[in-house]
Amino acid sequence: MSLVLNEEQQMLSDSASEFFKQKASLAAFRQLRGTANPIDSDLWQEMVDFAWPAIMIPEELGGLGFGISGLGMIAIQAGRNLTVSPLFSSSAIGVQALMQCKASPNRDSLVQSIAEGQSMVAVALSEGGHYSPNCIALEAIENEQGYLLNGVKTFVAEGNYADKVLVVAKLDTEPTLFIVNANSEGLSRQKLELIDRRDCANIEFKQVQVSKLQKLDWSSNDYVSSIDTITNVGALMAGAELYGCSLEAFERTRVYLGDRVQFGKQIGSFQALQHRMAYAFTQLELLKSVLFDALHAVENSRKDASLAVSHLKALANDTAKLVTQEAIQMHGGIGITDELDIGLFYKRARVLQAQFGDTSFHKDRFATLSDY
Amino acid sequence: MTNNESQLGKHELDSFRNETRAWLEANCPESQRQPIKTSELINPGSRQEFPSADAKLWFERMRDRGWTCADFPKEYGGGGLSKAEDKILKQEMLRLNCRSPLTDSGVFMLGPALLEFGSEAQKREHLPKICTGQVRWCQGYSEPGAGSDLASLQCKAEMQGDNFLVNGTKIWTSFGVESDWIFCLVRTSNEGRKQDGISFLLIDMKSPGIKVEPIELISGQSEFAQVFFDDVVVPQANLVNGLNKGWMVAKSLLKHERKMMSELGADVMGGNIVPADAAKEYLGVTESGKIADANIRYEVAQYDMNMRAIGLTGYRIHQEALVHKMDPNVPLIMKYLGTTELQTKDELLLDIMGMHGLGWQDDQFQEQELSAARELLFNKAMTIAGGTNEVQLNIIAKRALGLPQE
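Chains F and Y are the protein sequences, given in the same order. Be aware that the first sequence starts at 1, since it is given in my numbering, and climbs by one per residue. Be aware that the second sequence starts at 1, since it is given in my numbering, and climbs by one per residue.
Isolated chain Y (complex conformation):
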């Protein structure tokens, strides 16, 4: 790129930033700029219910602009923004604390994968419905016998004329009960490496033979489900990236999942209680303004340091990318660190609140106390889903450190 071009580019990006900022300021309702709770997320699909009138307005305005999926091409219903423009939009939304107008695995995971691997017909069929929030997607990867060892999955799809016949089960499917469609990894061959016999299928949840059962968790929530397939007929046209070539799609998708989890970890799941403030509130302060419990004070400092270090490392990755000096090994550590620290925070908050942090459901407890307990329990999933911490350490040992493999 010549200097001239880059300066022209910069000029255009600057005016895009100004326009975007003005539009967001005019169109994002005040209530949609507040810190968000899980129950206020805007989710798509045929069973869609908006958490509030403002949420609906915000979603519709962003949808009509194509900005629910701002970086998808326009012909598929997206906003057609370039990478640089999309980044500016994200920065400006962050600056105003705008909530996400649509939270869905179609937006964050399947959409990008279809753009990379889908056929033209599949893109035209599914992407516009993702962008407009008409369809809610869920993921069918894990099975009771295939968790961290995902490639050993057994749910099978057999060719029968123009269709596949699917039999088996999928577990840990987030929002399985609420979703309209499921993207699945299925076994289509038992020859060769187990990764080489896996295909990627899109399945309509209304198909006869599908049964969905919610799973109740230690947190009392049941956002996961188990999905059962009994002779479910799926058209061959729903096969993505060809027969036995699903593993490649899955790997690309997992990257998106990890990215989404580290981002979600940052804004939604963490809640808004700051441990230092909670410690002052629940444990009191000394005359010199220190948290009265010296041990907790040190734990709070340790937590704040850990989060600051993670934040600086994210910033370092960003800066390195800008000058094309990125060390590809550093991003590998972020999921492990982010989810671990989230749990550290949950445990610390409960230690700070004492018995007040242990309420299950009762008017006697404050809202922040009840949510501290629920989040602590729910966030146990964070070091398991999207590749357990142990799998993350395996990846670091193999890719970053090049340690010998068995």
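Looking at chain F on its own, in the form it has when it is part of the complex:
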């Protein structure tokens, strides 16, 4: 069944929830924030011990060979707890990008080391202020040793501490994936401090020399569909996290409306607030259905997977924008203080809304896929 969790998914969801609440909650995020450490490496090691980075990786490459739904369940819980981890950038999006390519010793050993938690990768695809996977200027020029890369990738999530960068460069006219060591000569990373205080980087490639073996070949002849699949997995993870973020902000607000008293009444008894909360609830329930459907669509490589994901990301963006904004408003003055957690949900959600396609991007994609 596509819209009800199976036992395995429910178990993953429960254990992620328990684990994040205890070890990677908002308190942990506040401790990490502003320090030099982009992630908590002890926490990451525990996730590696749970074999979470290996969830999507095929068994023959040292993984568990489960579908992406499992990671989706973890992403929802990460959204609820604002958990910081490279799990989604590296083990979902990175792995998906690699699995879109033909097997090669380089690819296989990297996938294996991701499964073991030895390696963290970041996918460097988009090059502008808006997600635009199909406008690539970064160039690869063939030379005797292999290829020379020149250009800039912007707003790469988890870009500062990934040890390998999966960069999509234009070779002749075709977007092509290269595995580049982050410490290569000519590669420089500029840290970008965003409102969600997560790791993000611009990555510049100046005469970066890569070998022939570092170039991967898409397994399908159609590079457009390969890049589409990367977009799908990225938007799917962001959509799942947005759902978690929104759900948590909504729940906290619901509780607050029962606690806060003004004019001698609990403010939750005011109809002006009740109707807005009830409407937000309708949108969250729709989002849940669309999210589960999109997970099912991608996991099973359904023909309508891109349509299902674009629907998800557009709805997740709009719902998160509504719900996290309402959460601040309904908390009143305390809602705009740093002391209260509610603003942190808003800030994280705002960044996720822009990653892997904003609402305009996905509405346009949905309309195009619907043949209008």
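If you're looking for bench data, these hints aren't it; they were derived computationally from the structure. Check each hint, because a few of them may be wrong.
To be verified - Here are the simulated lysine-lysine pairs, BS3-like style, with alpha carbons at most 27 Å apart:
hint : chain 1 : residue 1 : chain 2 : residue 2
1    : F       : Lys347    : F       : Lys21
2    : Y       : Lys325    : F       : Lys21
3    : Y       : Lys290    : F       : Lys303
4    : Y       : Lys280    : F       : Lys303
5    : Y       : Lys194    : Y       : Lys259
6    : F       : Lys170    : F       : Lys191
7    : Y       : Lys129    : Y       : Lys211
8    : Y       : Lys398    : F       : Lys265
9    : Y       : Lys211    : Y       : Lys74
10   : F       : Lys321    : Y       : Lys398
11   : Y       : Lys194    : F       : Lys265
Said to hold, decoys possible - Residues of chain Y clear of chain F, computed beta-carbon distances all greater than 10 Å:
hint : residue
12   : Glu12
13   : Asn18
14   : Ala53
15   : Lys87
16   : Cys98
17   : Pro144
18   : Glu406
Glycine included, C-beta positions come from ideal geometry on N, C-alpha and C.
Dock chain Y against the given chain F, drawing on the hints supplied.
Leaving out everything else, chain Y in the frame of chain F:
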């Protein structure tokens, strides 16, 4: 249930499905498998006129099989189907696009309520006539002073010997002019909570003292009426579920009404014009095949997404029910969302058609244009009837969110 039993059950249901499919294919006329307009609905009653000969044939075949009310017990004229069988019949009818053989509030609302709350005599008297379409029923709930606040109703019934004497008025009675009988909520006590002084009465519309006046709507239609009661005599035997115990019946009935409205919203009222197609037709396309008006294109995408999300949520409710994991709060959102989206579609179609969508009645306009305008106007009722959208949000806030009540 043991494995064996469930497999036996499955086997029997499979053969029921095959038989049903074969029967429907052989007996449902081709014309009754086309998308339906409101004017082609088959309604019952003494003033019954069939929209076509095929419609009559289809109705009679289904009636003779007991399938106008397939899940009512056989002894009351129904088909005696189990829940599972009834669901299969509905699925198979949907698969073949079979039209409903009988559309009536007796079938969808009063019948189920009588099965739950009626006396044996009431069931024997009224259910067979509902199943065979002899009687058309209408509903007397709202009053000029009691709309969303239904429990404040004032139309009163006083006991006089073996009868009630009914005085007052009911409004927004759908098909009041065409109906034979009316089921009414009446005030029988002013003691205690206002809900506790309400009774449920069945009243013959031919009774002396009843006057029915149609209400003309902004859409030009007048399917609603106001019903006036002036010393109308109603036998005590027509009281359902005992004195001052009508509210419980009404609540159960409202559930059926909301269900019917969300289903009707899906197949009849929405019309058959697809906004994306209409946009291409009226606004043209760019070289790459996109709707030429970029803003409308985004609105169409938004509408399609909303409908897809609602559809998936309905499907999720269904799947959750199958594994007994249903979240009882999710169905509460469906009436609000379905009716709101219906109006979004109406408005979008008019924006797409421009001046062509604004015709009232004129040969210059295409049929689809005239019906777009009429439906837009008529469907303004959808977010009001059966509990306004505001009442729906109140219900969600109270039941799903547990927000404090005043």
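Taking the hints in turn, this is what the structure says about them:
| no. | hint | verdict |
| --- | --- | --- |
| 1 | Lys347/F with Lys21/F | holds, 20 Å |
| 2 | Lys325/Y with Lys21/F | holds, 25 Å |
| 3 | Lys290/Y with Lys303/F | holds, 21 Å |
| 4 | Lys280/Y with Lys303/F | holds, 24 Å |
| 5 | Lys194/Y with Lys259/Y | holds, 26 Å |
| 6 | Lys170/F with Lys191/F | holds, 24 Å |
| 7 | Lys129/Y with Lys211/Y | holds, 24 Å |
| 8 | Lys398/Y with Lys265/F | holds, 16 Å |
| 9 | Lys211/Y with Lys74/Y | violated, 36 Å |
| 10 | Lys321/F with Lys398/Y | holds, 24 Å |
| 11 | Lys194/Y with Lys265/F | holds, 25 Å |
| 12 | Glu12 | holds, 23 Å |
| 13 | Asn18 | holds, 24 Å |
| 14 | Ala53 | holds, 39 Å |
| 15 | Lys87 | holds, 17 Å |
| 16 | Cys98 | holds, 27 Å |
| 17 | Pro144 | holds, 24 Å |
| 18 | Glu406 | violated, 5 Å |
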